[in-house]
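Here the working numbering is used: the sequence shown runs in plain steps of one and ends on residue 128.
To be clear, the hints were calculated from the coordinates, so they are not data collected in a lab. A hint or two may mislead.
Derived PhoX-like pairs: lysine-lysine, alpha-carbon spacing no greater than 20 Å straight-line [said to hold, decoys possible]:
1. Lys73 - Lys22
2. Lys78 - Lys41
3. Lys73 - Lys2
4. Lys73 - Lys107
5. Lys41 - Lys14
6. Lys108 - Lys2
7. Lys74 - Lys108
8. Lys2 - Lys41
9. Lys108 - Lys73
10. Lys2 - Lys107
11. Lys74 - Lys22
Distance ranges between label pairs, derived from CB positions [unchecked claim]:
12. Ile11 - Asp99: 42 to 50 Å
13. Pro120 - Glu19: 43 to 51 Å
14. Asp25 - Asp98: 36 to 44 Å
The C-beta atom is built at its ideal place from N, Cα and C for all residues, glycine as well.
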Amino acid sequence: MKAWLKFSPNIVNKSIISEAIKKYDIEFNILRANITPRGGKMLVEISGPEEREGIDFIEEAGIEVHPAVRVVKKDREKCMDCGACVSLCPVGAICIEDDWEIVLDDKKCIGCSFCVNSCPTRAIVLLD
Numbered sequence: 001m002k003a004w005l006k007f008s009p010n011i012v013n014k015s016i017i018s019e020a021i022k023k024y025d026i027e028f029n030i031l032r033a034n035i036t037p038r039g040g041k042m043l044v045e046i047s048g049p050e051e052r053e054g055i056d057f058i059e060e061a062g063i064e065v066h067p068a069v070r071v072v073k074k075d076r077e078k079c080m081d082c083g084a085c086v087s088l089c090p091v092g093a094i095c096i097e098d099d100w101e102i103v104l105d106d107k108k109c110i111g112c113s114f115c116v117n118s119c120p121t122r123a124i125v126l127l128d
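Kindly generate the complete structure, drawing on both the sequences and the hints.
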């Protein structure tokens, strides 16, 4: 499961994630993170045999969990299908179709925002 985790200031110093990893044998891949003493958010992939139990534990500890159905969005009206974003994607989540249309794959996207910063028309937006 890919999800955004939101941390409040009162829990940023707690070891909730490491406890969940040990207790529920889950794999926890951090794709993007911005956490300060004031709180923050993290895009993660969580998997394992006790994934649901681990997520429940994290939520009960005070971390908000929001499944990431979409990570990036392309504005079709702004996009010129120029391809400036394609070669910068480190995970191959952007491709050019046979009709030269740029397609974004949210299942592969890690939210690095390289494509967002490279787009000359600002047609790609990182969601959270």
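Now for the hints, and whether the structure bears them out:
1. Taken as a hint, the Lys73 and Lys22 pair is broken in the structure, with Cα atoms around 35 Å apart against an allowance of 20 Å.
2. Only pairs whose Cα atoms come within 20 Å are accepted, and Lys78 paired with Lys41 is rejected, the gap being roughly 28 Å.
3. Restraint check for Lys73 and Lys2: satisfied, since their Cα atoms lie roughly 16 Å apart, inside the 20 Å limit.
4. Distance hint between Lys73 and Lys107 is fulfilled; the C-alpha atoms sit about 13 Å from each other, no more than 20 Å.
5. Between Lys41 and Lys14 the alpha-carbon distance is near 15 Å, which keeps this suggested pair within the 20 Å criterion.
6. A threshold of 20 Å between alpha carbons decides the hint, and for Lys108 with Lys2 the separation of about 10 Å falls inside it, so the pair holds.
7. For the hint linking Lys74 to Lys108, the alpha-carbon distance of about 15 Å falls within 20 Å, and the restraint holds.
8. About 13 Å separates the Cα atoms of Lys2 and Lys41, which keeps this hinted pair within 20 Å; it holds.
9. Restraint check for Lys108 and Lys73: the C-alpha separation of about 13 Å stays at or below 20 Å, so the hint holds.
10. Only pairs whose Cα atoms come within 20 Å are accepted, and Lys2 paired with Lys107 is accepted, the gap being roughly 8 Å.
11. Distance restraint check for Lys74 and Lys22: the Cα-Cα separation of roughly 38 Å exceeds the 20 Å cut-off, and the hinted pair is therefore not satisfied.
12. Between Ile11 and Asp99 the beta carbons are some 47 Å apart, a value that agrees with the proposed interval 42 to 50 Å.
13. Our hint of 43 to 51 Å for Pro120 and Glu19 holds, since their Cβ atoms are close to 45 Å apart.
14. At roughly 43 Å, the beta-carbon separation of Asp25 and Asp98 lies within the given 36 to 44 Å, and the hint holds.
When the structure is compared with the earlier hints, violations turn up for hints 1, 2, 11 and for no others.
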